[in-house]
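**Student:** Same order as they appear, the protein sequences are chains Z and C.
So the first sequence is residues 456 to 797, counted in our numbering.
So the second sequence is residues 456 to 797, counted in our numbering.
Fair warning: there could be bad hints in the mix.
Because identical chains cannot be distinguished in the list, a pair is counted as satisfied if it fits within a single copy or across any two copies.
[What the hints assert, rightly or not] Only pairs whose alpha carbons sit at most 20 Å apart, straight line, appear in this in silico DMTMM-like list of lysine to aspartate or glutamate:
{"hint": "1", "residue 1": "Lys523", "residue 2": "Glu512"}
{"hint": "2", "residue 1": "Lys661", "residue 2": "Glu783"}
{"hint": "3", "residue 1": "Lys591", "residue 2": "Glu512"}
{"hint": "4", "residue 1": "Lys699", "residue 2": "Glu470"}
{"hint": "5", "residue 1": "Lys669", "residue 2": "Asp642"}
Since the hints were made in silico from the structure, they are not lab data.
For reference, the chains in residue letters:
There are 2 protein chains.
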Amino acid sequence: MRAQGNPYGLHRVMEPLGELPQAAQRLDASLPLYADEILIRVELVNVDSTSFRQLREISQNDPDLLKKRILEIVRERGKLHNPITDSGGMLVGTVAEVGPGYGGPLTLKAGDRVATLVSLTLTPLHLEEIRGIDLKTGQMEARGHGILFETGIACRMPKDLPERIALAVLDICGAPALVMRHVRNGDRVLFVGAGKSAKLSAVALKGEWESGVKVECLDVDAQALHDMREMGLADETHAGDATKPGGLEFLQKGRGYDVVVNVTNVPGTEMASIMAVREGGTVIFFGMGTSFSKVALGAEGIAKDATFLIGSGYVRGHAELALDLVRESRALREWFERKYSV
Amino acid sequence: MRAQGNPYGLHRVMEPLGELPQAAQRLDASLPLYADEILIRVELVNVDSTSFRQLREISQNDPDLLKKRILEIVRERGKLHNPITDSGGMLVGTVAEVGPGYGGPLTLKAGDRVATLVSLTLTPLHLEEIRGIDLKTGQMEARGHGILFETGIACRMPKDLPERIALAVLDICGAPALVMRHVRNGDRVLFVGAGKSAKLSAVALKGEWESGVKVECLDVDAQALHDMREMGLADETHAGDATKPGGLEFLQKGRGYDVVVNVTNVPGTEMASIMAVREGGTVIFFGMGTSFSKVALGAEGIAKDATFLIGSGYVRGHAELALDLVRESRALREWFERKYSV
Chain Z
456 MRAQGNPYGL HRVMEPLGEL PQAAQRLDAS LPLYADEILI RVELVNVDST SFRQLREISQ
516 NDPDLLKKRI LEIVRERGKL HNPITDSGGM LVGTVAEVGP GYGGPLTLKA GDRVATLVSL
576 TLTPLHLEEI RGIDLKTGQM EARGHGILFE TGIACRMPKD LPERIALAVL DICGAPALVM
636 RHVRNGDRVL FVGAGKSAKL SAVALKGEWE SGVKVECLDV DAQALHDMRE MGLADETHAG
696 DATKPGGLEF LQKGRGYDVV VNVTNVPGTE MASIMAVREG GTVIFFGMGT SFSKVALGAE
756 GIAKDATFLI GSGYVRGHAE LALDLVRESR ALREWFERKY SV
Chain C
456 MRAQGNPYGL HRVMEPLGEL PQAAQRLDAS LPLYADEILI RVELVNVDST SFRQLREISQ
516 NDPDLLKKRI LEIVRERGKL HNPITDSGGM LVGTVAEVGP GYGGPLTLKA GDRVATLVSL
576 TLTPLHLEEI RGIDLKTGQM EARGHGILFE TGIACRMPKD LPERIALAVL DICGAPALVM
636 RHVRNGDRVL FVGAGKSAKL SAVALKGEWE SGVKVECLDV DAQALHDMRE MGLADETHAG
696 DATKPGGLEF LQKGRGYDVV VNVTNVPGTE MASIMAVREG GTVIFFGMGT SFSKVALGAE
756 GIAKDATFLI GSGYVRGHAE LALDLVRESR ALREWFERKY SV
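Construct the complete structure from the given sequences, taking the supplied hints into account.
**Tutor:** The following block contains the structure:
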């Protein structure tokens, strides 16, 4: 056991020194543990959707190339931090050890199965091997270890949900919580992207206000839109390419949406989201491909005065809220079962 | 005169087709004008601070190299869009022509002197020459033309303020307006960066609430901090490097700030801003070097539940508010006169 570290993990940063782990080029993921850390034996890794999409593209959907590239990143950086998309993912594993000097908020003990709720871009990670990789979902079976600092968080894996479903839900559990914080009864809400974040968030909205909230959805994927309607989660859907807002006629009509929720993993959808929101409304960006300057300058460029939020992955109570949504909505649970069955 | 264009400027996009002007690689800045456009003869250009800093670095402070690089960007892209920082600037000039089909909100006529309030990253621009360039401020005298679309905005140059001061103020006029929208009486506010945006915003805060609002400021530049105190704009200042938050002890004490305003042109200051804000507080990011993913994942990484805003350059009434601050605060006006005198 090594000495006491730093609550933010500064002691694990190798390059450049003085940076925080997320900004660092390289972390030290070696053992033994520092006294204030938690050691987790890794079993399952969920690669962030934007990162996985990019890695799949450069590997031309070849699972072996993909595994090789992911192992390379982790070996070089001491963390799963995609240098192109600047995003990571999360992991599931078993607590191997809680350092005797640990003073953080978690009440974990050795043997607990947990999911980490901090990004893998700042989690010291060592992978010995990747066994299986699911090209549809970005989930992979892996063996190795990860380390949590005192400021990091994790949650116990629920016993009543299949593990892959719980992991898929926890991966984006910030979305429904933040959406619920910013939507009011009577609002018109547009989701840009009809994936799992949109579905979870729409279940939360409809569960709270039913038809009081009008939900619409934009996606290129007709099946995803069909699912949203079938599941009773969208009052209206729009098939179209959010990266080409010039071609989206519905955006140029009407008074605009009260809240726009950007949940795509495709870069270049900022302007569609900005054009869609009404004056004084709110856009929440969750897609890790979002460009800060495209939003700031794009909004200025069309003189749209609205609130533009960076959707952080952490909102108090987010994990419980998201898991409860899957527990309580049969349609949602069935959708996750279809998509995340092994 | 060409035919009617598109309010968002789609008709000027050459590559890739279908993109909006800000996202485009290349715009057509050629004449004649389309019927719904406004033509401006360019006289002064204010390069965005983050972009100018990067251009000055690669030109090693050589004015001729700097001019050459800026002319190259404008020639290649048909707009002043720095490909590295993804930011632009704004311009001052004289309205040469308002197309007969123009149906936008501006009431300009030929001969009006105006500043454009939309970014140069989406403004078709042709430059014949750059005459002078001020290495301190990023302002340059230039000759050429720029084009405004119907969704673009501009304001008449005030007659009671020196032109270079008005341009410097209008460049960042979104900051005080957005800060005033999010700060409440009684708040503790931290500015990360002590440049002109911090000064303008602090004048607005102190003008409204005096000692009701506690203003603090973090910067590496002792002179900038000294000026903030001397001008009565900061109750407390902290000398330190916001790119190395691990070394900033004052951030790790106390309950955190209600509102943190990031107004630096230095990349890598996201974590300091996130660590500084209290749970439930608000961070407004204005620096064009801000990384979306560093904010989203950094906040998640230390489980900080707060509101993270992308500071858009447009807030209704922003130009008038900012110019009035300089008119009404003698200390601020004198500071601008010292800094922007020719």
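**Student:** Is it within a copy, between copies, both, or neither that the alpha carbon of Lys523 lies no farther than 20 Å from that of Glu512?
**Tutor:** within (14 Å within a copy, 37 Å between copies)
**Student:** Is the C-alpha distance from Lys591 to Glu512 at most 20 Å within one copy, between copies, in both cases, or in neither?
**Tutor:** Cα proximity of Lys591 and Glu512: one copy only (13 Å, versus 44 Å across).
**Student:** Should Lys661 paired with Glu783 be assigned to within, between, both, or neither, using CA atoms and 20 Å as the limit?
**Tutor:** within (12 Å within a copy, 50 Å between copies)
**Student:** Could you place Lys699 and Glu470 in one of the four classes (within, between, both, neither) given a Cα distance threshold of 20 Å?
**Tutor:** Between copies only: 13 Å across, 39 Å inside.
**Student:** Can you tell me if Lys669 and Asp642 fall within 20 Å by alpha carbon in one copy, between copies, both or neither?
**Tutor:** Cα proximity of Lys669 and Asp642: one copy only (6 Å, versus 36 Å across).
Hint compliance for this structure: every hint is met.
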